[in-house]
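Novice: What follows is each chain in one-letter form.
2 protein chains.
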Amino acid sequence: MAKTTAPLRLGIAGLGTVGTGIVRILQNNPDLIEARAGRKIEIAAVTARDKAKDRGVDLSAYAWAQDPVALAQRDDVDVYVELVGGDEGPAKLSMEAAIAAGKDVVTANKALLAMHGQALAEAAEDAGRVIRYEAAVAGGIPVIKSLLEGLAGNEIKRVMGVMNGTCNYILTRMESAGLPYEEVFAEADALGYLEADPNLDVGGIDAGHKLALLSAISFGTQVDFAGVELEGIGAISIEDIRQAADMGYRIKLLGVAQMTGRGMEQRMSPCLVPASSPLGQLEGGTNMVVLEGDEVGQIVLRGAGAGSGPTASAVMGDVIDIARGTRLPTFGQPAKTLRAARSARAAVSAPYYLRMQLMDKPGALAKVAKSLGEAGISIDQMRQYGHEDTSAPVLIVTHKTTRSAIDEAISDCRSSGVVIGDPVALRIESV
Amino acid sequence: MAKTTAPLRLGIAGLGTVGTGIVRILQNNPDLIEARAGRKIEIAAVTARDKAKDRGVDLSAYAWAQDPVALAQRDDVDVYVELVGGDEGPAKLSMEAAIAAGKDVVTANKALLAMHGQALAEAAEDAGRVIRYEAAVAGGIPVIKSLLEGLAGNEIKRVMGVMNGTCNYILTRMESAGLPYEEVFAEADALGYLEADPNLDVGGIDAGHKLALLSAISFGTQVDFAGVELEGIGAISIEDIRQAADMGYRIKLLGVAQMTGRGMEQRMSPCLVPASSPLGQLEGGTNMVVLEGDEVGQIVLRGAGAGSGPTASAVMGDVIDIARGTRLPTFGQPAKTLRAARSARAAVSAPYYLRMQLMDKPGALAKVAKSLGEAGISIDQMRQYGHEDTSAPVLIVTHKTTRSAIDEAISDCRSSGVVIGDPVALRIESV
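Just so you know, the protein sequences line up as chains A and B, in that order. Numbering (my numbering) for the first sequence: 243 to 673. Numbering (my numbering) for the second sequence: 243 to 673.
Calculated from the structure, these hints are not laboratory results. Any given hint could be a false lead.
All copies of an identical chain are treated as equivalent in the list; a pair is satisfied when it fits inside any one copy or across any two copies.
Said to hold, decoys possible - Once the Cα atoms are required to be at most 25 Å apart in a straight line, the calculated SDA-like pairs of lysine to any residue come out as: (1) Lys399 with Leu472; (2) Lys612 with Asp664; (3) Lys399 with Thr643; (4) Lys282 with Thr579; (5) Lys578 with Glu276; (6) Lys282 with Lys399; (7) Lys282 with Gly567; (8) Lys578 with Gly567; (9) Lys282 with Arg581; (10) Lys578 with Ala277; (11) Lys642 with Ala477; (12) Lys282 with Gly258; (13) Lys612 with Ser591; (14) Lys282 with Glu364; (15) Lys282 with Gly370; (16) Lys399 with Ala277; (17) Lys612 with Arg656; (18) Lys399 with Leu274; (19) Lys399 with Arg281; (20) Lys282 with Thr568; (21) Lys578 with Thr568; (22) Lys399 with Ser585.
Construct the complete structure from the given sequences, taking the supplied hints into account.
Specialist: Below, the structure written as structure tokens:
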């Protein structure tokens, strides 16, 4: 194997927990990394917002670049490691600069790739460069590699994942501690688990970015984040969690992507999954991805979705691949051959869990049943449990139906004036 | 990326469920495979024992080679796919012939690599060829790729796995149906789940071969199957399964490899694992591998460990890697740099579960307690449950101890004549 044996030189932009994690790995285990990579891997230069900050690692041996773009263009950098974050600004500019300057890129930036992955992949492939992003999805779990390489012989049927540890922490903590959403949200915030804009987490946006990347690889389509139906966890009450548990389910912020006869369906929404399934048993900040192929059947991958070590491990896997000479198109086939995604919203039917607060007056329940019937929805279970002053909560589990039918029924119930507040409708996913 | 775009031509030796699975994939999905591989993948020639046999796939377009060695040497073959099986004979001769003739090799043959992996890897690397073997370990689960590539930035601390579906089927079926080992073994045999030599399955040999391959990658050591402590599942009774369940455990044929201060410990043996852990919840023929790295923490991979589709999926992943130009040393670093394994037997201590049948005579239990004490073993739980004619079963859970202390205590109990039959000693693995 005639391969380059010269050291591979990294430029690392962003020295937060992930960036310093990479520095730590390369300083602690240089021989191990060299044995596996077949050549030395060195850090040539770094950059971050604040040069003076003490990050607990010795950076004195590395050049300091003025900004990410300057770093990406340095002659002594072979691989630009982008850990700046954000879907515009320095992250995007520096990645474009790196590609233009003939560098390979390794990134943990799901937002940037979800928004601009197609253009960046085309630019990289035109320039003969690679973009690797294992760390962008599910932290330390080698899910991009498994899907893009290991399962490359499969037609992918469905991909599912719990890929936002913060949301899973909130949902499992609500259940175990019996606390309302607002209180656990405040806890998570105090623990530093939330993004600066918490809606990225609890609104499902961050996990939606990840799902859009998995879809592109799975189905040979251009990344289509706009096609992801997004629904956050903010409306989930402790009551929903208890009722779901009572029926043998757990509520998870679950991403599902599947190709249907009507196009590609991508959903990121709170769903009920069987409590005894691997997804149902997932606790705390752990991530899980389920890959389903026509030949391989179902593969389940589980591990830490965030944190310095796991994310740095994923970045290092990509860096070592590049050092070994592994070169792949960003999404597994040349970017120019990826088809534009045709989005199918709500194409795949499923049973639904509904919770509404009904006015305590005669005929209210009958009105709800009628609305469901008119939307073509048949009822599997219905229970009115407990009773408050002037209203009564009602729970309904439907037979298989579509989201649009559910929305139609809810809208009808609302307009009839028997429903108080916002009804909750959660899909029951078969996993 | 200046890459070969000529078709990659396969020679497939062995047309059982896996070989015909590959034929089926390439006939059904040629465009998908070509898009991902960046070039066509074609079958040039095949061979198997019986040319006339109807295998349900059309082989008329492929040349028929007289035997595996002849196939491996054909000029029109780029990649030799070895599905012959066995650790000597045609499998070994043909793989050596393929390497000598300048072919890359993809194989599902765990036995051959476990016994001769070092020599074959050295020969392949001297010739500039690669040997890929994802299908050899845990069927469709991309565990070799995850460990060798995805987690390459980690110092691997421990690898564990339930990697023989037949044994897991037998153990879970014993529990769910309440049937004795012999009966479920006969069932599995009738269903065709067992190897021609069933000891390969129930004796732990097949799973031990797989563990030896994972150890080599994990620790940078030469494959050392002789260093695997092997213990089969034949001594497990329905009573053990019930008692374990009663204490919150399940019994699994579990492989564990870890590097200790005294050397590398490799064990393949029935163990107790918490019933609530991912390993404990594994049912039927499914496989699971747990990878633990210093940075990534614990990664759990689960999927089908055998069968036509899953195994063919793994082979195709390797073939597509080769088509894409990915070239790696067999065990992740050059074979000549792998250290000879220093085996540590029983270096890692653990609590143990013991079941013995005691003579129903005064002082028997005291004698057992004394033997354990003299071996330095302290007791966490002891119960004598039920009573037969002239003997009484006793169950003991110890605090952390070593296998050699357990063996010493058992030997002492035996020689004192208070024990009837063979005591069962199972490690309680922390997972």
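Novice: Next step is simple, just say for each hint if it's right about the structure.
Specialist: Evaluation of the provided hints:
1. Taking the closest pair of Cα atoms, Lys399 and Leu472 come within 25 Å of each other only inside a single copy of the chain (21 Å); across copies the shortest separation is 39 Å, beyond that limit.
2. For the homomeric pair Lys612 and Asp664, the shortest alpha-carbon distance inside one copy (19 Å) is at most 25 Å, but the shortest distance between copies (69 Å) is not.
3. For the homomeric pair Lys399 and Thr643, the shortest alpha-carbon distance inside one copy (20 Å) is at most 25 Å, but the shortest distance between copies (48 Å) is not.
4. Taking identical chains as interchangeable, the C-alpha atoms of Lys282 and Thr579 lie at most 25 Å apart only when they sit on different chains, with a minimum of 15 Å there against 35 Å within one chain.
5. For the identical chains of this complex, Lys578 and Glu276 are inter-copy neighbours only, at 15 Å across copies versus 35 Å inside a copy, given an alpha-carbon limit of 25 Å.
6. With identical chains, the CA atoms of Lys282 and Lys399 are at most 25 Å apart between copies only, with a shortest distance of 23 Å across copies and 40 Å within one.
7. Taking the closest pair of Cα atoms, Lys282 and Gly567 come within 25 Å of each other both inside a single copy (13 Å) and across two copies (21 Å).
8. Taking CA atoms no more than 25 Å apart as the test, Lys578 paired with Gly567 passes in both settings, with 23 Å inside one copy and 20 Å between copies.
9. For the identical chains of this complex, Lys282 and Arg581 are inter-copy neighbours only, at 20 Å across copies versus 39 Å inside a copy, given an alpha-carbon limit of 25 Å.
10. When the C-alpha separation of Lys578 and Ala277 is checked against a cutoff of 25 Å, the pair qualifies only between copies, where the shortest distance is 11 Å, while the shortest distance within a copy is 36 Å.
11. Only within a single protomer do Lys642 and Ala477 lie at most 25 Å apart by alpha-carbon distance; the minimum there is 22 Å, versus 47 Å between protomers.
12. In this assembly of identical chains, Lys282 and Gly258 lie within 25 Å of each other by CA distance solely inside one copy; the values are 24 Å within and 43 Å between copies.
13. In this homomeric assembly, Lys612 and Ser591 come within 25 Å of each other (Cα to Cα) only inside a single copy, at 20 Å, whereas the closest approach across copies is 65 Å.
14. Proximity of Lys282 to Glu364 under the C-alpha cut-off of 25 Å is restricted to the inter-copy arrangement: shortest distance 22 Å between copies versus 29 Å within a copy.
15. Both within a single protomer and between protomers do Lys282 and Gly370 lie at most 25 Å apart by alpha-carbon distance, with minima of 23 Å and 21 Å respectively.
16. Only between protomers do Lys399 and Ala277 lie at most 25 Å apart by alpha-carbon distance; the minimum there is 17 Å, versus 38 Å within a single protomer.
17. With identical chains, the CA atoms of Lys612 and Arg656 are at most 25 Å apart within one copy only, with a shortest distance of 13 Å there and 75 Å across copies.
18. For the identical chains of this complex, Lys399 and Leu274 are inter-copy neighbours only, at 13 Å across copies versus 38 Å inside a copy, given an alpha-carbon limit of 25 Å.
19. In the homo-oligomer, the alpha carbons of Lys399 and Arg281 lie at most 25 Å apart only across protomers (23 Å), although the nearest pairing inside one protomer, at 38 Å, exceeds that limit.
20. Taking the closest pair of Cα atoms, Lys282 and Thr568 come within 25 Å of each other both inside a single copy (16 Å) and across two copies (19 Å).
21. Taking CA atoms no more than 25 Å apart as the test, Lys578 paired with Thr568 passes in both settings, with 20 Å inside one copy and 22 Å between copies.
22. Taking identical chains as interchangeable, the C-alpha atoms of Lys399 and Ser585 lie at most 25 Å apart only when both belong to the same chain, with a minimum of 16 Å there against 44 Å between chains.
Going down the numbered hints, you'll see the structure goes against none, and every one checks out.
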